[in-house]
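In our numbering, the protein residues as written are 86 to 312.
No lab work stands behind these hints, which were simulated from the structure alone.
Where hints are given, some of them may not hold.
Unchecked claim - The calculated label-pair distances, taken between Cβ atoms and stated as ranges, are:
1. Pro210 to Glu278: 35 to 43 Å
2. Arg229 to Gly121: 26 to 34 Å
3. Arg164 to Gly121: 36 to 44 Å
4. Arg279 to Ala128: 31 to 39 Å
5. Pro172 to Asp244: 24 to 32 Å
Said to hold, decoys possible - Below are the DSS-like pairs computed for lysine-lysine, each with C-alpha atoms no more than 27 Å apart in a straight line:
6. Lys209 to Lys236
7. Lys209 to Lys115
8. Lys115 to Lys132
9. Lys209 to Lys132
These numbers come from a predicted model, not from an experiment.
No residue lacks a Cβ here, since even glycine has one placed at the ideal position from N, Cα and C.
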Amino acid sequence: MSDTDRPTKPIAPTRRGAITRAKLIDAGRKAFSAYGYEIARVADVAKLAGVSHGNFYRHFTDKDDLLHAVLDELHQGLRRPVRRQKPSSAGGMLGEMIDYNASFFHTYAEHRDMLRVAREAAAKPGPSRFLETWLEMRVPFIERNRLWMQKLQAKGSIDPAMDVSLMAESLGSMIEQLAYVHIGLAEQRPSPERLDELGQICGIIWFRSIFGGATAEPDLTVEEARR
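Sequences and hints are given; from them, build the entire structure.
See the structure below:
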């Protein structure tokens, strides 16, 4: 039976079925992380989960269906950011930006294997549901930053001519690419110190990009603006 076969519609959930489904999702996460989206097979997942090949299709229609379930869990995990252990000594808004960016990199590192898989699945040629899923996963982070900059702009803390939507997208895309290259593609998970270093560099870039030549600290903190 090939990965594209869809012999049955997934069964209605039962307690036993829920346990099996959870095993398959966990096995899928391991298989996708180890082999990548393209190479991982339904047979690999079934073996890791300790279920029959046919039992897989009682819960998922195909490999793509399983990956969507894994990505749904990933999306929920990204809503629980990982904080750095020691706050930045920079203080003020700059220190907050450094800590905020460092938290992003620590969170990315926590989920680095599946974030890499999600991005690569989204980039596959032709129509793909994964592209929409990937873009949806980015929305909360980009939107929080846009709303924060919008509030700063309304208070006169940043250039009124700045396109805050484009700035939020640009800065967000920058750290996403850095995370993908330096964390997602790395042979080993970077050390906490390296993640903090990435956060510091990006925090400085964010501060200078948003506030330019400002000499006074804005009176709206990162946390206040995101509430």
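Structure-based check of each hint:
no. : hint                         : result
1   : Pro210 to Glu278: 35 to 43 Å : holds (39 Å)
2   : Arg229 to Gly121: 26 to 34 Å : holds (30 Å)
3   : Arg164 to Gly121: 36 to 44 Å : violated (25 Å)
4   : Arg279 to Ala128: 31 to 39 Å : holds (37 Å)
5   : Pro172 to Asp244: 24 to 32 Å : holds (28 Å)
6   : Lys209 to Lys236             : violated (37 Å)
7   : Lys209 to Lys115             : holds (20 Å)
8   : Lys115 to Lys132             : holds (11 Å)
9   : Lys209 to Lys132             : holds (26 Å)
Violated hints, listed in ascending order, are 3, 6; each of the other numbered hints is respected by the structure.
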